[in-house]
Amino acid sequence: MSFATGFRHGVHPPEEKGLTSHLPIRRMPYPAELVLPLRQHAGKPAKLCVKVGDKVERGDKVGEADGYMSVPIHASAAGTVVDVDWWPHPDGTMAEAVRIKVDRFAPQVARPRLVPHWEGLTTEQVVKAVQDAGVVGLGGAAFPTHVKLAPPRDYGVHTLIINGAECEPYLTSDHRTMVEYPQRVHFGIRVMMHAMGVQKCVIGVERNKPDAIEALQRTAPNDLDVTILPLTVKYPQGAEKMLIKAVTGVEVPSGKLPVTVGVVVQNVGSVAAIAEVFETGLPLIERIVTVSGHGLRKPANLIVPVGTKLRDLFAHCDGVTTDAAEVIIGGPMMGQAVADLDAPVIKGTTGVVVLAKGETREGVVYPCIHCGRCIDACPIFLNPSLLGDLARVQRYEEMAEQHLADCMLCGSCAYVCPSNIPLSQLFQASKVALRRAQALVA
Amino acid sequence: MSADKLIVTASPHIRSLDSTPRIMWHVVASLIPVVLCAAWFFGVSALLQVTTAITVALLTERATGKGGAIADGSATITGLLLGLSLPAGFPLWMTALGAAFAIVFGKQVWGGLGQNVFNPALVGRAFLQAAFPVAITTWPSAGGSFFTLRGDLFALPFTHPLPNAVTSATPLGLLKFEGKGTALADLVVGSTGGSLGETAALVILAGGIYLAWRGYLNWRIPVSVIVTVWMFSSILHLVDGTKPDALFMIFSGGLMLGAVYMATDMVTSPITNLGKWIFGAGIGMLVVVIRVWGGLPEGVMYAILFMNALTPFINRATQPRVFGTQLRSAA
Chain A
1 MSFATGFRHG VHPPEEKGLT SHLPIRRMPY PAELVLPLRQ HAGKPAKLCV KVGDKVERGD
61 KVGEADGYMS VPIHASAAGT VVDVDWWPHP DGTMAEAVRI KVDRFAPQVA RPRLVPHWEG
121 LTTEQVVKAV QDAGVVGLGG AAFPTHVKLA PPRDYGVHTL IINGAECEPY LTSDHRTMVE
181 YPQRVHFGIR VMMHAMGVQK CVIGVERNKP DAIEALQRTA PNDLDVTILP LTVKYPQGAE
241 KMLIKAVTGV EVPSGKLPVT VGVVVQNVGS VAAIAEVFET GLPLIERIVT VSGHGLRKPA
301 NLIVPVGTKL RDLFAHCDGV TTDAAEVIIG GPMMGQAVAD LDAPVIKGTT GVVVLAKGET
361 REGVVYPCIH CGRCIDACPI FLNPSLLGDL ARVQRYEEMA EQHLADCMLC GSCAYVCPSN
421 IPLSQLFQAS KVALRRAQAL VA
Chain B
1 MSADKLIVTA SPHIRSLDST PRIMWHVVAS LIPVVLCAAW FFGVSALLQV TTAITVALLT
61 ERATGKGGAI ADGSATITGL LLGLSLPAGF PLWMTALGAA FAIVFGKQVW GGLGQNVFNP
121 ALVGRAFLQA AFPVAITTWP SAGGSFFTLR GDLFALPFTH PLPNAVTSAT PLGLLKFEGK
181 GTALADLVVG STGGSLGETA ALVILAGGIY LAWRGYLNWR IPVSVIVTVW MFSSILHLVD
241 GTKPDALFMI FSGGLMLGAV YMATDMVTSP ITNLGKWIFG AGIGMLVVVI RVWGGLPEGV
301 MYAILFMNAL TPFINRATQP RVFGTQLRSA A
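Quick mapping for you: the protein sequence lines, in order, are chains A and B. Note that my numbering gives residue 344 to position 344 of the first sequence, counting from 1, and the numbers run on in steps of one. Note that my numbering gives residue 136 to position 136 of the second sequence, counting from 1, and the numbers run on in steps of one.
Be careful, since some hints might not be right.
[Stated by the list, open to error] What follows is a list of derived Cβ distance ranges for each label pair:
(1) B:PRO21 / A:GLY249: 22 to 32 Å
(2) B:ILE7 / A:VAL432: 40 to 50 Å
(3) A:PRO24 / B:THR9: 55 to 65 Å
(4) A:ASP342 / B:THR51: 29 to 39 Å
(5) A:LYS298 / B:ILE7: 20 to 30 Å
(6) B:TRP110 / A:GLY249: 54 to 64 Å
(7) A:ARG27 / B:ILE32: 16 to 26 Å
[To be verified] Heads up, incomplete: computed chain B residues facing chain A, CB under 10 Å, no partners named:
(8) GLY112
(9) LYS180
(10) ASN315
Bear in mind the hints are in silico, worked out from the structure with no lab data behind them. Quick reminder that beta carbons are idealized off the backbone N, C-alpha and C, glycines included.
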């Protein structure tokens with residue numbers, strides 16, 4: 001294996017992508033009710049701009065962007081605002097959300113809108129259009145996309161990297177996007193390169209998706225420097241730092257952002273969402289979601305209106321099996337388990353995985369036997385065994401010295417741990433405790 | 001599906017199939033051929049020795065450890081390795097004492113599984129070596145009927161064991177004290193005097209290869225030990241022809257059992273890969289030094305215990321370079 005197509009360490013969880021990787025993307029019918037949390041992205045939540053009783057068309061704003069590090073939220077179907085209240089959020093908390101009763105007889109055609117012609121636009125105009133459309137990173141973190149379009153000039157960003165690795169088990173939404181909408185991906189890249197003024201683009205795709213690589217190669221434009229790079233199949237290949245290492249051979253310095261090495265990474269789904277803004281003018285009101293897992297009767301890749309409750313999503317997939325045990329938003333390595341099926345699909349929801357009994361991590365936790373598997377798994381080359389020992393005795397400052405901040409909670413260490421120690425959980429809690437302690441000092 | 005049936009755990013939500021008990025029991029299983037070999041050479045005495053050590057280790061674990069700690073298999077390994085490191089005719093009450101000592105002072109006083117600095121089986125053996133130096137160096141000969149009881153197995157506690165009728169020195173003892181060599185073929189097959197697990201180098205090696213293939217044993221340590229012993233003793237043999245050659249060094253004594261099963265104890269060996277190489281090399285050097293220049297014919301036990309003590313320092317010195325740090329071009 002050469003460093004040009006991969007990174008060191010990492011793990012090989014069962015891919016389980018075969019459940020859905022061959023299934024074409026299908027559109028899911030509108031549910032009776034939609035729930036739109038105002039906090040769906042990293043940064044400030046949107047500001048409410050509707051009130052109970054308002055009628056909304058498909059694509060109308062229900063929340064305005066609150067500053068630059070924020071995006072608006074749009075109604076994903078025509079209907080009536082029936083409630084604005086706290087509602088279960090897919091991250092396990094409660095969040096302020098707009099509930100819309102979907103109009104069963106509406107044609108669900110978006111209001112006609114002006115489609116901006118990208119070629120004549122300045123960077124600022126593209127940024128504005130993308131922000132207005134509410135586009136965020138669709139890979140899970142939901143970082144506002146327009147912010148990445150205008151990186152500070154002094155870093156000299158030279159390469160745009162498109163993340164098509166999709167290394168989480170089960171998930172195939174990016175895979176199907178690349179197979180079915182390769183032109184849209186390339187068009188989005190064109191707009192991004194124009195706005196950012198970069199000359200070079202690399203699309204990284206894991207080798208286990210040959211049809212996606214083929215589709216992207218077949219439709220690649222001749223007039224742009226776009227390379228499709230097959231990557232080693234390994235978790236977490238899709239982590240930003242790992243992907244940059246694989247594509248450029250450069251390590252992003254500890255504690256720094258990717259722009260410091262002259263690259264910007266964008267998820268393949270987000271690029272397709274940008275394309276849609278400049279193709280149809282439609283804001284981000286629906287997304288492709290992989291609904292999968294052995295606890296689900298009929299796995300699928302679906303176009304889901306943002307705000308669809310998990311309950312309705314499962315109902316569309318013929319429901320869950322009798323041995324369904326855990327519902328996970330996102331993939332099983334970094335996803336969030338939810339207990340409340342009233343939580344909605346939001347912009348950052350890459351997939352919903354239902355694990356069956358026996359597939360979960362429940363079980364006895366043994367003491368650390370210092371086998372060193374976590375050290376061989378950690379893609380950041382930390383010592384999770386040592387960090388775990390320190391976390392248990394709450395020595396957070398020492399953990400900080402051991403580079404706790406560099407841990408991206410990918411879960412590789414906990415995945416391989418034979419003693420079933422919940423390392424990622426310990427590290428996440430330690431990060432919070434450390435922040436709290438530092439805030440007290442400051 | 002009602003929500004109260006759902007479980008909610010932190011990510012990652014899946015895990016690899018390997019578990020700590022599974023690793024431990026695989027180690028136990030891979031040692032069964034070694035026990036059978038010992039039974040082939042030393043008859044029922046070998047089985048009594050090993051059974052006693054395991055039983056007492058488990059009982060002690062039960063009495064001192066947390067509930068359910070027996071199921072993790074670690075006490076079984078301790079008992080098994082202790083039994084295999086003893087001569088066939090070692091009085092069983094001493095074996096029992098050693099096994100109890102191994103669990104209590106080798107493991108539990110440190111805080112139980114995962115916390116101990118020294119390999120528990122070797123702690124037990126070191127205790128026995130200090131307490132009963134004669135009995136532990138009285139080596140019954142291999143061969144004879146399966147049901148022959150060797151040595152003074154059933155000596156009453158705190159009596160002097162009877163002088164043994166049929167004994168034979170170990171190859172290392174022969175070399176050290178009488179200047180006699182042993183045929184390599186005998187060493188490899190194991191038809192020599194010695195502790196139970198000293199005499200089946202090839203079977204031990206096979207067990208180690210199986211464990212390494214399954215990923216339950218880190219191959220770097222045994223390879224490092226054996227390569228170091230090989231190189232160091234070859235050099236000495238070249239300089240001074242009366243010193244034993246490399247193959248003799250590797251296949252005699254407890255080197256194979258120590259290198260494959262004791263030095264690789266995950267709890268007491270370094271956690272980093274570089275550390276494992278250093279650890280193994282240190283053991284290899286010490287074994288040769290003790291065997292060639294020391295007062296004892298065999299040095300595997302002390303070599304491993306000494307390197308166990310250095311493990312925390314090796315760990316500290318061999319921390320991996322964190323991603324994105326110490327970059328040459330970093331500003």
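Do the hints match the structure? See the list:
| no. | hint | result |
| --- | --- | --- |
| 1 | B:PRO21 / A:GLY249: 22 to 32 Å | violated (41 Å) |
| 2 | B:ILE7 / A:VAL432: 40 to 50 Å | violated (22 Å) |
| 3 | A:PRO24 / B:THR9: 55 to 65 Å | violated (33 Å) |
| 4 | A:ASP342 / B:THR51: 29 to 39 Å | violated (60 Å) |
| 5 | A:LYS298 / B:ILE7: 20 to 30 Å | holds (23 Å) |
| 6 | B:TRP110 / A:GLY249: 54 to 64 Å | violated (44 Å) |
| 7 | A:ARG27 / B:ILE32: 16 to 26 Å | violated (60 Å) |
| 8 | GLY112 | holds (7 Å) |
| 9 | LYS180 | violated (42 Å) |
| 10 | ASN315 | holds (8 Å) |
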